[in-house]
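Engineer: Letter by letter, the chains look like this.
Number of protein chains: 2
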Amino acid sequence: MEATAPMRLSTRGDYESFVDRFDTFLFDCDGVIWNGTTLVDNVPAALDMLRRRGKRLVFVTNNSAKSRRDYVAKFARLGIQASAEEIFSSAYATAVYLRDVAKFDAGKKAYVVGGSGIRQELEDVGIAAIGHEDTDSVSLETLQDVVPNPNVGAVVCGIDYDISYRKLANAHVNLVHNGDCLFIATNDDRTLPGGKHMYPGAGSLLSVLTHSTQRAPLVMGKPNAPMMECVIQRFRLDPARTCMVGDRLDTDILFGISGGLSTLCVLTGVADEASVLSPDTPCATYYMSSVGDLSALAP
Amino acid sequence: MEATAPMRLSTRGDYESFVDRFDTFLFDCDGVIWNGTTLVDNVPAALDMLRRRGKRLVFVTNNSAKSRRDYVAKFARLGIQASAEEIFSSAYATAVYLRDVAKFDAGKKAYVVGGSGIRQELEDVGIAAIGHEDTDSVSLETLQDVVPNPNVGAVVCGIDYDISYRKLANAHVNLVHNGDCLFIATNDDRTLPGGKHMYPGAGSLLSVLTHSTQRAPLVMGKPNAPMMECVIQRFRLDPARTCMVGDRLDTDILFGISGGLSTLCVLTGVADEASVLSPDTPCATYYMSSVGDLSALAP
Chain R
13 MEATAPMRLS TRGDYESFVD RFDTFLFDCD GVIWNGTTLV DNVPAALDML
63 RRRGKRLVFV TNNSAKSRRD YVAKFARLGI QASAEEIFSS AYATAVYLRD
113 VAKFDAGKKA YVVGGSGIRQ ELEDVGIAAI GHEDTDSVSL ETLQDVVPNP
163 NVGAVVCGID YDISYRKLAN AHVNLVHNGD CLFIATNDDR TLPGGKHMYP
213 GAGSLLSVLT HSTQRAPLVM GKPNAPMMEC VIQRFRLDPA RTCMVGDRLD
263 TDILFGISGG LSTLCVLTGV ADEASVLSPD TPCATYYMSS VGDLSALAP
Chain H
13 MEATAPMRLS TRGDYESFVD RFDTFLFDCD GVIWNGTTLV DNVPAALDML
63 RRRGKRLVFV TNNSAKSRRD YVAKFARLGI QASAEEIFSS AYATAVYLRD
113 VAKFDAGKKA YVVGGSGIRQ ELEDVGIAAI GHEDTDSVSL ETLQDVVPNP
163 NVGAVVCGID YDISYRKLAN AHVNLVHNGD CLFIATNDDR TLPGGKHMYP
213 GAGSLLSVLT HSTQRAPLVM GKPNAPMMEC VIQRFRLDPA RTCMVGDRLD
263 TDILFGISGG LSTLCVLTGV ADEASVLSPD TPCATYYMSS VGDLSALAP
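So the sequences go chain by chain: R and H. Heads up: the first sequence begins at 13 in the working numbering, then just goes up one per residue. Heads up: the second sequence begins at 13 in the working numbering, then just goes up one per residue.
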């Protein structure tokens, strides 16, 4: 029973039957729960209502800059209670993938072009992470000291606000010269929102290495399959009773559709009503103005 | 009279008739004159011989890390006398292009993702360069302070050993939000040689911005046309009496062919004899082991 156009949720009755249809809601964060550092109106009350009704909430984010523990702190600062277990980031998915799927050699290290969120998640699953120390300047004369490290078993690339040429050079030589070196990207978002403007995303930084090495990474994050496989396995989800909630049609909604989930697109972030209704974009099952509107069901 | 295979120069007679055919020789530097910091054998004597015979020498390099003044110093350190006027780098070509072709507004600034070589060349033609100071760390919280600067009239991108996220973010917002902002790349080399290994080149760093902004830059350097047009115009070259000498078939030799010049491929750098003779690569007019072999003609 495939919908040919998304169903708009706008009345209390719509909200009731929508909520009843699902056991689990996967939420994208930025543009849905908050915008940057500002909470979307009425979201805490809406999430409370879902919890009271026994729904399971999972927050799925491509942002690898923070660890799950950092995310718990961010939720708390914004007045939302959430546990680390409810948070599923691309950094965490990367760590779980390396440990459980790739059976990463415990004697090897991961070279990280990315933030402390990735490092923390890797270390939490017992994988040593290096690279964060490589911020020193380099010159053509000192570049020859940058050589492949046979202990590096994977290069992991995510958003890196402390990116340096030395890191990129290290990642490059390991990817090119270490035969079995895995190449994992936490996500491939072209841009990332930061207040009023968009800035280069993890996928844009990643393109240095895909271009220089001519290698293609395994991309974990939305809308790619590895993230969905990790989420479904980790929470033993029934796709028929799970809804993916997001603000981006080409990542969040596509991600939900690819995983066989129902999807809800909200208009508090990137997508507007015209793009939601366009025949040229991934078609969500539902759309509504804001997750906050579900707070109408709060007692 | 198009050659179907390159002619090998190996005897004194070959060298004599080759040298007689041209007034001007354009030389790539790395892999031809030197490798990294090591001079190729007998090159100074070969260049001296050409000068004694009244030939004009021009050194054409894609490397934008150094200014022409820096290059003169490097030549001198290696025992080769050369003047700044004989050196044509992609950084210099960029400066000349902005001033003479793009008629760059003297009240505007160029935002440089690149080294001091570009900054120096721009300032030498009277264009203010900013960006080199943007090496501070940034976070999602401070990122919103990175905003378009209406005084930025061009983003110039080259090899940058001090690349930072802050620079990339500034370049991105200026390219996206400043209506008339030019986008110039000094060169688009995928990799650069640095001793025993290759490392990400200017073209790989550039791909962050082409990906994030979805804009295509004007690429100055070899094998692209703007560099050739600048060289021909600057030195008033007669293509029929000019030979491009290089070690890379897909940049140097292609560059020469595109400009209607004769070409000489040497085997002291990237190309080997098999690739020179392959029907799948740009076909040089001539090839020889090393420029140094021309020293056989020295008195």
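Hints should not be assumed to be uniformly reliable.
As the list makes no split between identical chains, a pair holds if one copy fits it or if it spans any two.
[Unchecked claim] Here are the simulated DSSO-like cross-link-like pairs (lysine-lysine), alpha carbons at most 27 Å apart as the crow flies:
1. LYS86 x LYS120
2. LYS86 x LYS208
3. LYS208 x LYS120
4. LYS86 x LYS67
5. LYS208 x LYS121
6. LYS67 x LYS208
7. LYS67 x LYS121
8. LYS121 x LYS86
In case anyone wonders, no lab produced these hints; they're calculated from the structure. The structure presented is a predicted model; accordingly, all values stated were derived computationally and were not measured.
Engineer: It remains to establish, for every hint, whether it holds in the given structure.
Structural biologist: Comparing the hints with the structure gives:
1. Within a single copy, LYS86 and LYS120 get their C-alpha atoms no closer than 32 Å, and across copies no closer than 41 Å, so neither meets the 27 Å cut-off.
2. In this assembly of identical chains, the alpha carbons of LYS86 and LYS208 lie at most 27 Å apart only when taken from the same copy (20 Å versus 46 Å across copies).
3. When the C-alpha separation of LYS208 and LYS120 is checked against a cutoff of 27 Å, the pair qualifies only between copies, where the shortest distance is 24 Å, while the shortest distance within a copy is 41 Å.
4. With identical chains, the CA atoms of LYS86 and LYS67 are at most 27 Å apart within one copy only, with a shortest distance of 22 Å there and 69 Å across copies.
5. Only between protomers do LYS208 and LYS121 lie at most 27 Å apart by alpha-carbon distance; the minimum there is 23 Å, versus 38 Å within a single protomer.
6. For the homomeric pair LYS67 and LYS208, neither the shortest alpha-carbon distance inside one copy (34 Å) nor that between copies (58 Å) is at most 27 Å.
7. In this assembly of identical chains, the alpha carbons of LYS67 and LYS121 never lie at most 27 Å apart, being 39 Å within a copy and 55 Å across copies at closest.
8. With identical chains, the CA atoms of LYS121 and LYS86 are never at most 27 Å apart, being 29 Å at best within one copy and 39 Å at best between copies.
Hint compliance for this structure: hints 1, 6, 7 and 8 are not met, and every other hint is.
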